[in-house]
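Student: Sequence:
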Amino acid sequence: MIDFTRLNLNNKEPVYVQIASFVKKQILAGSAKSGEELPSRRELAALLGINPNTVQKAYRLMEEEGYVRTLSNSGSIIYTDEKILSAVGNEFTKELVAHFVKAAKDINMTFKQTIDLISEVWDEI
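In my numbering, each residue carries its 1-based index in the sequence shown increased by 1.
A portion of the hints provided could be inaccurate.
Listed below are the simulated DSS-like cross-link pairs for lysine-lysine, each with C-alpha atoms no more than 27 Å apart in a straight line [unchecked claim]:
#1 26 with 13
#2 103 with 113
#3 34 with 84
#4 95 with 58
#5 95 with 13
#6 84 with 58
#7 113 with 26
#8 103 with 26
#9 13 with 103
#10 84 with 106
Label-pair restraints from in silico Cβ distances [as the list claims (entries may be wrong)]:
#11 114 with 37: 23 to 33 Å
#12 75 with 111: 47 to 57 Å
#13 111 with 4: 18 to 28 Å
#14 47 with 73: 39 to 49 Å
#15 73 with 15: 19 to 29 Å
#16 100 with 78: 25 to 35 Å
#17 18 with 110: 27 to 37 Å
#18 110 with 90: 20 to 30 Å
It is worth saying that the hints were derived from the structure and are not from the lab. Each residue gets a CB set at the ideal place from its N, CA and C atoms; glycine is no exception.
Let the sequences and hints guide you as you build the complete structure.
Tutor: Right under this line is the structure:
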């Protein structure tokens, strides 16, 4: 089961979005597998110390995005396939690159300087 105690909530984005993002990251990391059960909405709300309606919004968002399915009377489960894994991976990769490019532009790095730096660090790691 996903260890939601590792979720550190912040004030920068809505809590329900943070929950959904955390679950996606667990899927990408391989810590959450298709078919794995999620805690009930009330359990997760109690664990995180938040309103159950917020958890309901998170579950609804995850269902809309396709990586969580809720079955009548048996709770919610993680659902992944190649299409979902690809979409989640692309989303996080693009977000990561966008933050980096913005930071590079903020300090007036040129495209060439940025690419050169990436090449240098790539070879070091």
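Student: Is the distance from the Cβ of residue 73 to the Cβ of residue 15 consistent with 19 to 29 Å?
Tutor: Once the Cβ atoms are compared, 27 Å apart, the range 19 to 29 Å for residue 15 and residue 73 holds.
Student: With respect to the beta-carbon atoms only, verify the hint that residue 111 and residue 4 lie 18 to 28 Å apart.
Tutor: 42 Å, violated
Student: Range hint 23 to 33 Å: satisfied by the CB atoms of residue 114 and residue 37?
Tutor: 44 Å, violated
Student: Just to be careful, I want the Cα atoms of residue 84 and residue 58 compared with a cutoff of 27 Å; is the pair within it?
Tutor: The hint holds at about 23 Å.
Student: Is residue 34 close enough to residue 84, meaning Cα to Cα at most 27 Å?
Tutor: 15 Å, holds
Student: Would the pair residue 84 and residue 106 pass a check requiring their Cα atoms to be no farther apart than 27 Å?
Tutor: Violated, at roughly 32 Å.
Student: For the range 27 to 37 Å, tell me whether the beta carbons of residue 18 and residue 110 fit it or not.
Tutor: 30 Å, holds
Student: Quick one, are residue 113 and residue 26 close enough, alpha carbons at most 27 Å?
Tutor: Roughly 31 Å separates the two Cα atoms, so the pair is violated.
Student: State, for the Cβ atoms of residue 100 and residue 78, whether the hinted interval 25 to 35 Å holds or is violated.
Tutor: 31 Å, holds
Student: Between the alpha carbons of residue 13 and residue 103, is the straight-line distance 27 Å or under?
Tutor: Within the cut-off at roughly 18 Å; holds.
Student: Holds or violated: residue 103 with residue 26, Cα cutoff 27 Å?
Tutor: Holds, because 22 Å separates the two Cα atoms, which is no more than 27 Å.
Student: Cβ-Cβ distance between residue 75 and residue 111: within 47 to 57 Å?
Tutor: The hint (47 to 57 Å, Cβ to Cβ) holds, given that residue 75 and residue 111 are roughly 55 Å apart.
Hint compliance for this structure: hints 7, 10, 11, 13, 14 are not met, and every other hint is.
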